[in-house]
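Enquirer: With the sequences and hints as input, model every part of the structure.
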Amino acid sequence: MGSRTVLRRSALVMALAFTVHALNGLFIERAVLGLKSYTDYSVITKLDTAIGSIPWRASGVGHFLTAFAVLVLSVGLAERARDDGYAAWRLIAALGTVSAAGFAVNGVSASIGAQVVDLLQKYNPAEPTSSPIVALTLIVSVLNAVAITMFAGMLISVSVWARRTGALPRGLIITGWIAGISGLIMGFAYIPAYLFVYLVWLWWFVAVVPERRGATSTA
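In the numbering used here, the protein residues as written are 39 to 257.
Quick caveat, the hints were computed from the structure, so don't treat them as lab data.
A few of these clues could be false.
Simulated DEER-style distance windows between Cβ atoms [to be verified]:
(1) Ala126 - Ile212: 33 to 41 angstroms
(2) Phe106 - Arg42: 16 to 24 angstroms
(3) Gly123 - Glu249: 12 to 20 angstroms
(4) Tyr228 - Thr203: 33 to 41 angstroms
(5) Arg202 - Val246: 12 to 20 angstroms
(6) Ser91 - Arg201: 41 to 49 angstroms
(7) Ile219 - Phe65: 33 to 41 angstroms
(8) Ile229 - Arg95: 31 to 39 angstroms
(9) Asp121 - Val180: 33 to 41 angstroms
(10) Val146 - Arg68: 33 to 41 angstroms
(11) Arg202 - Val146: 35 to 43 angstroms
(12) Tyr228 - Phe65: 13 to 21 angstroms
(13) Val246 - Val70: 20 to 28 angstroms
Built from N, CA and C at the ideal position, the CB exists for glycine as well.
Expert: Here it is as structure tokens:
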């Protein structure tokens, strides 16, 4: 699982998914759904329109695919770190696994959760329509924070290993630290700068991921 091909493909899936998230947040959701700032995500009337829409579901699919990709990526990198004698190699896999769980449930919430909200509103017209929307938004926000912060911790751990062993280019290691710190901030404050740094790290990693040491092929 630590082969160059596997790591590159898993990172590529993540990079493409995060690119979709960026396009959604910067352009599509602004133009189509009217979500022009992060404060709009707290406006019930706008969320009522957004939940279940194509852009919303596209993000959900992206999160679901990211879950599998980050799991494979973390296990593969952990295997390489173990081979290099990095004592905390299990931490890389553990953080990636928790992050994957967060992304997976988040992805399911964006699709199944949207259907549940629609059914609750349809068959409980006397109840406040805001209740299921608030519940879903809270769940998605918490899961998103868990997924992002755990992946941030994984990036920092990978950067520590790579710095000690020279497993990755120095510039990518520095970017990993910046991405990790920006991701950890999301656990305490909504500052989505992490998305762009994650994208830089992922696309850079896809471009330069080295062959596994001692490997004789890229398969």
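Enquirer: Among all the numbered hints in the text so far, which are the ones the structure does not match?
Expert: When the structure is compared with the hints, numbers 1, 7, 8, 10 and 13 turn out to be violated.
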